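Asks: Here's the letter readout for the chains.
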Amino acid sequence: MLHIFCPHCAEYREEEEFHAKGQAHIPRPLDPEALSDKEWGEYLYFRKNPRGIHHELWVHAAGCRKFFNMTRDTVTYEIHETYKIGEKPTVTAQS
Amino acid sequence: MQRYSGFELFKQSLSHHENWQSVWRNPKPKDKYDVIIVGGGGHGLATAYYLAKVHGITNVAVLEKGYLGGGNTGRNTTIVRSNYLWDEAAHLYEHAMKLWEGLSQDLNYNVMFSQRGVLNLGHTLQDMRDIQRRVNANRLNGIDGEILDTKQVQEIVPMMDCSANTRYPVMGASWQPRAGVARHDAVAWGFARAADAMGVDMIQQTEVVDMIIEDGTITGVKTNRYGDIKADKVGCVVAGNSSVLANMAGFELPLESHPLQALVSEPIKPVLDTVVMSNHVHGYISQSDKGDLVIGAGIDGYNGYGQRGSYPTIEHTVQAILELFPMFSRVRMNRQWGGIVDTCPDACPILSDTPVKNLFFNCGWGTGGFKATPGSGHVFAECLAKGELSELAKPFSMFRFHNGALIDEHGAAGVAH
Ligand SMILES: Cc1cc2nc3c(=O)[nH]c(=O)nc-3n(C[C@H](O)[C@H](O)[C@H](O)COP(=O)(O)OP(=O)(O)OC[C@H]3O[C@@H](n4cnc5c(N)ncnc54)[C@H](O)[C@@H]3O)c2cc1C
Ligand SMILES: [Zn+2]
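Those protein sequence lines, which keep their order, are chains A and B.
Under numbering that gives the first Met the number 0, the first residue of the first sequence carries the number 0, and numbering increases by one thereafter.
Under numbering that gives the first Met the number 0, the first residue of the second sequence carries the number 0, and numbering increases by one thereafter.
Treat the hints with care, since some could be wrong.
What the hints assert, rightly or not - Simulated crosslink set (DSS-like; lysine-lysine; CA at most 30 Å straight-line):
id, chain 1, residue 1, chain 2, residue 2
1, B, Lys393, A, Lys37
2, A, Lys37, B, Lys52
3, B, Lys289, B, Lys97
To be verified - Stretch-level coverage of chain A by chain B, calculated; a stretch enters the list once three of its residues show a Cβ under 8 Å from a Cβ in chain B:
id, region
4, 12-19
5, 27-40
6, 44-58
7, 66-75
As the list claims (entries may be wrong) - Some chain B residues judged to face chain A by a derived CB distance under 7 Å, without partners named:
id, residue
8, Ala248
9, Glu251
10, Leu254
11, Ser256
12, Gly300
13, Tyr301
14, Gly303
15, Gly305
16, Tyr310
17, Ile313
18, Asp352
These are computed hints drawn from the structure, not numbers from a lab.
All values derive from a computational prediction rather than experimental measurement.
Where is the CB? At the ideal position from N, CA and C, for every residue including glycine.
Please model the complete structure; the sequences and the hints are all you need to start from.
Replies: Rendered as structure tokens:
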């Protein structure tokens, strides 16, 4: 069971209150019409799927219902940090 | 290869079963192969087997980082069926079903394929409409299927709660009589033994840590144990680790790896002689020949490589099973584990060439690839032998995510496992 700190509620809550929503920091293309099929396909479907440090989007579904980001290790499941949308992660695979 | 038979069993009993040949060799790898298969799960081993058997290519190595069949092949709930909605998928899974039907004879190894039928339950009007659509599509593709009402379901599984008093009453089901289960370990061992007998090298405890790529063409792999091994072609069949291997080769795949869990109970007397699956309440259950109830869960929502899942997922599954089978409420669970499944956005596999020449991937089977094991290997072997995608594989290229020709089995085809 993951214990997740919601940066909006500023509290630890149990995993069941949350939903994982996949890779974080995927910017929506500013001019979709200008994209090639390959670029559009990659935006829609291709995802980073690392073994190790991953930045992902979560929603506090049974709580404040707000979205936030998490840096988590996909092997140990250790949560390094949670942070609000628009903020940058402080823990990265390089650091 | 020493053939297994009743006579051989008798003969070996005279020397107290101490002189059986080992099931495969454990050779040191050569410097170079025609084809290297990365991943010694069922799909990789089946690929090696059909490469040798159908295409006469025997200078082949299977590189496995752990032990043969120790990945999802040895962790799944063994359901085999072919009642998928879309033509492309139905043809692929039915191709596998036909191979299953002769597999034990073909391999001279008992894979305990048991066609005890699979029920996919419907609990809502929409479920029932989807079932009608799918069964009709199946029949048009020559795949057996029937639509059952509540009473007919109750006759097949007398101890399931089909009353109107449940939270999600059973309104009917699709029924594929030719579907069933098989012994997962035996499938890996049977393919490995038969491939080994034709000269394929099984190299266990050897992890591929990098790819050797020259001018956009793969020429070999780097391993943690035997250094560089050269190959004309490389096929990656590593399920949950596919993205990791693709990154080594310098590209991304449209995959996410998730933990998927299963659990088995203590052995009990025979109570369930078929397979029951429900997408709506999300649970699936069968009983092994040994007597344990084999129960499968859903995936954890987050990405994970930890080969373990979270407890809330198990709890939800057990709730669903008890809703259907209140009589199992006192059964004790013996073991629980997870595998890492590579889920694809359209819930269909990837059998594909890649941006790197002579490098092929067979992955994305996600939560439901065990049923495809022989078919997947048969088709992928043809791709590797010819150096291009075979007819059955073509719709499953990774480039379908660029041109939009997805095969959406998610919504419709009782996609559980
Ligand atoms: C709990 C659970 C229940 C399931 N239930 C069903 C079911 O009922 N019916 C069904 O059809 N399917 C089911 N599945 C899915 C099915 O198990 C898989 O789709 C299928 O077994 C995949 O086979 P594979 O050979 O591709 O992968 P695997 O058996 O996982 O083999 C891949 C192998 O690659 C190896 N490997 C990885 N990286 C490297 C590397 N770098 N170097 C060397 N080797 C490497 C791994 O060690 C592994 O042995 C289930 C899966 C799980 C986890
Ligand atoms: Zn919150």
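Asks: Please go over all the hints and tell whether each is borne out by the structure.
Replies: Against the structure, the hints come out as follows:
1. B:Lys393 to A:Lys37: holds, 18 Å
2. A:Lys37 to B:Lys52: violated, 38 Å
3. B:Lys289 to B:Lys97: Status holds; Cα separation ~26 Å.
4. 12-19: With 4 residues close enough to chain B, the hint holds.
5. 27-40: holds (count 3)
6. 44-58: holds (count 9)
7. 66-75: holds (count 4)
8. Ala248: It is violated, given that the least Cβ distance between Ala248 (chain B) and chain A is near 14 Å, above 7 Å.
9. Glu251: holds, 5 Å
10. Leu254: Status holds, d = 6 Å.
11. Ser256: This interface hint holds because 6 Å falls under the 7 Å limit.
12. Gly300: Since the shortest Cβ distance to chain A is 4 Å, the answer is holds.
13. Tyr301: holds, 4 Å
14. Gly303: holds, 5 Å
15. Gly305: Gly305 (chain B) check passes; min Cβ-Cβ to chain A is 6 Å, inside 7 Å.
16. Tyr310: Hint holds; Tyr310 (chain B) Cβ to chain A Cβ min 6 Å, cut 7 Å.
17. Ile313: violated, 11 Å
18. Asp352: violated, 15 Å
Taken one by one, the earlier hints fail for this structure at numbers 2, 8, 17, 18, listed in ascending order.
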